[in-house]
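*Asks:* Going down the list, the sequences are from chains A and B.
4 is the number of the first residue of the first sequence in our numbering; add one for each residue after it.
4 is the number of the first residue of the second sequence in our numbering; add one for each residue after it.
Wrong hints could be hidden among the right ones.
Because identical chains share one entry, a pair is satisfied inside a single copy or across any pair of copies.
[Said to hold, decoys possible] With a straight-line cut-off of 20 Å between C-alpha atoms, the simulated SDA-like cross-links for lysine to any residue are: (1) 195 / 98; (2) 270 / 113; (3) 270 / 186; (4) 240 / 210; (5) 79 / 205; (6) 79 / 48; (7) 158 / 276; (8) 158 / 96; (9) 332 / 210; (10) 158 / 306; (11) 21 / 118; (12) 91 / 4; (13) 195 / 97; (14) 21 / 328; (15) 195 / 13.
Because the hints were derived from the structure by calculation, they are not lab data.
Note that the structure is predicted; figures quoted are calculated from it, not measured.
2 protein chains.
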Amino acid sequence: MPELRRDPIIGRWVIIAKERGKRPSDFVVGDDETKDGFCPLCPGHERTTPPEVLAYGRPVFAPNAGGWSVRVVPNKFPALIIEGDLDKQGEGMYDKMNGIGAHEVIIETPVHDQKIPEMSHDQIRLLLTAYRDRIADLSNDVRFRYIMVFKNFRKAAGASLEHSHSQLIALPVVPYLIQEELTAALRYFEYKDRCVFCDIIRQELSQGVRVVCENDDFISICPFAPRLPFEMWVIPKRHMSSYTFMTDRQFSALAALFLETFKRLDKALPKVPYNFMLHTAPVKTPHLEHYHWHIEIMPKLTTVAGFEWGTGFYINPTPPEESAEFLRKIELP
Amino acid sequence: MPELRRDPIIGRWVIIAKERGKRPSDFVVGDDETKDGFCPLCPGHERTTPPEVLAYGRPVFAPNAGGWSVRVVPNKFPALIIEGDLDKQGEGMYDKMNGIGAHEVIIETPVHDQKIPEMSHDQIRLLLTAYRDRIADLSNDVRFRYIMVFKNFRKAAGASLEHSHSQLIALPVVPYLIQEELTAALRYFEYKDRCVFCDIIRQELSQGVRVVCENDDFISICPFAPRLPFEMWVIPKRHMSSYTFMTDRQFSALAALFLETFKRLDKALPKVPYNFMLHTAPVKTPHLEHYHWHIEIMPKLTTVAGFEWGTGFYINPTPPEESAEFLRKIELP
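Please construct the entire structure, taking both the sequences and the accompanying hints into account.
*Replies:* Written out as structure tokens, the structure is:
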């Protein structure tokens, strides 16, 4: 059973995945590309994954068969275990609990080498809808407090499989940085009586210099104080705290902007490794006046070193106004 | 002039190093080893660095000549500029100021390919003393609020030069993660009337399972909730909030433990890339009952991916009890 442990100073929880128990000899300096060969995520190999929890696009009811467009399965090597009790306890001054949670893989496409910028609008719409549906479903489990959807693209950004996929982790605690963001956004709201993200959108629309692209409902910006070169946020223009409130109609507009954002990134920096993370309200408090869901896209262009690590203080060589202008001026077919 | 910008939500400052202004074409996927050839940090090349701010071990007074054991110079490509005013200002809802600060390189040894585990006790003692002396000197500059010493070892951990060196950055703000640590430690102190680090040391000494090595004055542990495999902290056993309070006598004991810690790490994981960061009290408040200086050592064995990034929630495959036992049992000559 993995264990959740809390740092006694800063309150940050970590997962100690005991089963994976790595000794020094297990750490091999990895190669630069993900391994090729047999792909467990490809159509026809459905039986090599744990049984699916969701599939879209299959014309008939036939779980774990082919014919799907988007498919979600439990991670075969989960960081957290779905079955069991939390069994919270102390160890002297320290706090720990069992590593209970869900860890799922969202297979974004049946086509092995299709990347996000190459997908159709409809495919992206299904993918973004699957995120919502899995978050909504797992929110019914009383043990979970936070559900995070994220993607690691390419080995340098942490991917271990080449076939396009995202991941989801449901957690019995609200993670450290999300809690910080929530607390800070609440402080702003208490002072101004306005959502800080709504204020950001207003200023970005009026200044224009950090806007990458937009449509009626969504906007992509390079944020004012980005940690990394070409960092981008995708945000709904109207206040919405939880991604689970997204309606089917809204997914069409989100898919259009999401796809355009990744097409621009791919043209600017072909094949750049990146991570994206969906920030949404915690499970138990979906309705928040002070919080606003958004997607943070973090291209991996520079090495994050000791200084950034130790301080949370990032040195970014690219002003967001420059990266936004560059991305904005790209001509898309 | 570089610019300091504050994230309007979470309050995190970042440096936008405009001069370095990188466009997409400037980001080349790097090779895996640091470049060899001419070394600006080697003896005989003193004139290729900016004029030194400190040198130990030179038998006669001869600035920027050879014969030194430890030498400190301004970074030739600084992230922050030493001259100028902060000129704090707003831009709508956003906050920014000029990127004023110091960025120095601490050349740890005159021997080009000598790494920390190969250095003498006396060399390490001089190095650790140089950290204190530079922090103490820069603390006299009224513009600075925090001074961070850190080291990136090997390219994968962010090093761009092979010759053993550490770095120092003096900042006009207290960085985000340090501020979080200070706030959390104060909260603990207000509740318990004890320093949380002193409590950790007491529990680690009584449990013993996470201790790597110790002497009368210092201890190295694998912390209870480590973010990464083989993370280690070096901590003074008796309460001391600022590294500037270290006396010459104490540096001998610190050097012994520091050297032993890195010898054990190097035997366990030869040539592993790592970062270490010296956490100490802010410049304006060196005397704190609730804070305790320490060095955090972070080996780079796993890829930090989107999930960790987006949440501050780390998945660590190695329990600290296992890594501490492994490191403890290593036989040193």
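*Asks:* With reference to the structure, classify each hint as holding or not holding.
*Replies:* Tested hints:
| no. | hint | verdict |
| --- | --- | --- |
| 1 | 195 / 98 | between (36 Å within a copy, 16 Å between copies) |
| 2 | 270 / 113 | neither (23 Å within a copy, 46 Å between copies) |
| 3 | 270 / 186 | neither (37 Å within a copy, 43 Å between copies) |
| 4 | 240 / 210 | within (15 Å within a copy, 53 Å between copies) |
| 5 | 79 / 205 | neither (43 Å within a copy, 40 Å between copies) |
| 6 | 79 / 48 | within (14 Å within a copy, 55 Å between copies) |
| 7 | 158 / 276 | both (7 Å within a copy, 18 Å between copies) |
| 8 | 158 / 96 | neither (38 Å within a copy, 38 Å between copies) |
| 9 | 332 / 210 | within (17 Å within a copy, 60 Å between copies) |
| 10 | 158 / 306 | both (14 Å within a copy, 9 Å between copies) |
| 11 | 21 / 118 | neither (33 Å within a copy, 32 Å between copies) |
| 12 | 91 / 4 | within (13 Å within a copy, 51 Å between copies) |
| 13 | 195 / 97 | between (38 Å within a copy, 14 Å between copies) |
| 14 | 21 / 328 | between (46 Å within a copy, 15 Å between copies) |
| 15 | 195 / 13 | between (28 Å within a copy, 15 Å between copies) |
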